[in-house]
Amino acid sequence: MKALGGLLRKEVYHILRDRRTLVVIIAMPVLQVVIFGYAIRTDVDRVRLAIVDPTPDPVTLAIRSRFDAAGVFRTVAVLPRPESLDSLFERGDAQGAVAFDPAFAEKLGRGLPVRILIIGDATEPNTGGIVQAYAAAVVQAYANELGTHTAGIRIVPTIRTRFNPTRESSNLFVPGLMAFVLTIISSLMTAISLTREKETGTMEALLASPLRPWQIIVGKVTPYLVVGFASVVGVIVEARLVFHVPLRGSVTLLLFEGLLFILVSLSLGILISARTSSQRVAMMGALIGTLLPTMLLSGFIFPLESMPVVLRAISYIVPARWFVLVARGVMLKGIGLAYLWSATLILLAMASALLVASTKSFHERLET
Amino acid sequence: MRRVWFLARAEVLHVVRDRATLAQVLVVPVVQLLVLSNAATFRIVNTPTYVVDFDRSTASRGLITRFQASGRFDVTGAAASPDQANDSLLRGEATMVLTIPRDFERSLVRTGSAPIEIALNAEKGSAAGIVQAYASNIVAAYASELAARTGPVAGAAPRIEVRARNWYNPTLNYKHYMVPGILVALVTLIGTLLTAQNIAREKELGTLEQLNVTPITRGQFIAAKLLPFWVLGIVNLAVGLAVGWLVFGVPMRGSLLLLFAAAAVYLVVALAIGLWISTLVETQQQAMFVTFFIMNVYLLMSGLFTPIDSMAPWVQVVSQLNPVRHFVTIARGVLIKGAGLREIARPLITLAVYGAIMLTLAIRQYTKRIA
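These protein sequence lines map, in sequence, to chains A and B.
The first sequence begins at 0 in numbering that gives the first Met the number 0 and counts up one residue at a time.
The second sequence begins at 0 in numbering that gives the first Met the number 0 and counts up one residue at a time.
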């Protein structure tokens, strides 16, 4: 037991001594929460609108003022001709444009049909579509008031946004961020720390010591487990204090599931280190094998439903997918095991399988 | 000049000889391009939808059909029970629940207006807002379709006809938007990471000391270190563009020459950042960690994944300092919109200034180490 304590102390020294890595480990989650809270958003707001109005008259001016009053739009340019629109769009100065027919009010007064062309910059398809829909709604509302619309049939949708009524992006990302941070610390750091012992040849020394294999693993892994847990708690506290992210369900359940996920990630880290011999390869392996799937295939940022079948199938074996599901359920929906038992079982199965596999691979290496 | 040439050649040989690095440089980006452009998407399709139809009329079925026909919604379950719908929301099986009340059709016919209810599971991705906008669109389109069917208004009431156009991406293909951005990310990552790692390795192995005692000057040293990776970055971009064009049919509306010229400027920035990182660190592991950390921030705040316009106002200001943002703007502008030199002048000049500053900073930092 004393030997284990010694190994633990050595590992803690290693972590504390490498200041740059330590700063990255501590600063990354903190900064990540801020970035995701403020930068990763998809709301369409303050749309830069260009207006093409060849012959300004009371009607076009009225419609233009409607756009300004709508709150969503900001008029950035009023042009007499549509020619310079291209350059406005290409520079990104305009996101949408509204073009009136010439002699608008006059034609309308004489009962002739008039046209309004709405152009959206669909480079980013969603924004383009939403800009168009907003603009069309503004014109439609004006037309309705004029009484020039066809027979009025209206379907009035009441929209309720469940679980996250304000659609705060920080609420959505915090659960995924926890998975991300845990993966970095548990998989990446463990893999590197074990491979470094191999690379520098000190693993031989550890193996020759009276320490038992499981003690070596426990000694190498425990500090990272503690660091991982601490930064998860840090992320939750920061998210609650700065962004007021809700925590509707049971904290105990959340921490328990977090522990399960840490076990899975640690085992993956040990497995990777058993298969590789240099830090660089271990790092690449951890990056491609654990970090990228956690980022991309967990539904953390991008909706899984939109992905092709192959990627969706792969996502089922990504542990983070299940952890994100559970963490979101507990934090945002306030649901318990009654709904989450299947995901928990899957995580449990993954944890035990990987734990057995990783200890075994470590043993095998001992014998050779 | 000959010294630069020799050192640059040694660098090229290092890259070519090490199979792992070669794979990292040539194969990994292509695979990432293929996977990322499929995975990193906010394209809204097949949103699992649960329908609670109390009305069961022609009008209500028509509405459901419109949702399904749009391709953006996928009816995964239907029952006249709000409890089951709520359950499927809680389970996360449904992202949207569409509830059509009793007397939907009758109320439409009699009063010309009827309510429906849409409940969204906003826990799933940040796409809930986009789903909501699409759903509202479909409902509005269906209403005007019904209105047109009940017959146009009598008399010659004047009409305002609204026409909508999607410029630059008429088929609303999300990949056309993502591929140029992902290309930028890959070129950036490879350039920065390899440079930072390369010099950190020389430090670790002690060969940097050997180089320091040779008559090579600092300028020559840095030129020789950057040149191979600069060429590599250009080659990477060319390969990625070819894949994007062949596999995803990404448009190339603008001048490719202009794009590569901008890339040449941008790569200097990316490599100088790598060089700068390498002067800060001692080991390869640290080099990778620090690069990864900085790149993470740069990429997420570059407008690559989510539009800059949607970010919080102060983030939009800060992101002006982000070189990746400017090159993403240029790449998308030139490829998708066909922008010319005049349109991309602003970001291009910013990049040039940025490159000059970063390079000076890196060389300065380097001087101290040698002295």
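None of these hints come from the bench; they were simulated from the model.
Hints are not guaranteed to be accurate.
To be verified - Below are the EDC-like pairs computed for lysine to aspartate or glutamate, each with C-alpha atoms no more than 20 Å apart in a straight line:
1. A:106 x B:10
2. B:202 x A:198
3. B:202 x B:10
4. B:174 x A:198
5. A:197 x B:203
These are the hints, each one checked on the structure:
{"no.": "1", "hint": "A:106 x B:10", "result": "violated (72 Å)"}
{"no.": "2", "hint": "B:202 x A:198", "result": "holds (17 Å)"}
{"no.": "3", "hint": "B:202 x B:10", "result": "holds (15 Å)"}
{"no.": "4", "hint": "B:174 x A:198", "result": "violated (42 Å)"}
{"no.": "5", "hint": "A:197 x B:203", "result": "holds (17 Å)"}
Of the hints listed earlier, those the structure fails to meet are numbers 1 and 4, in rising order.
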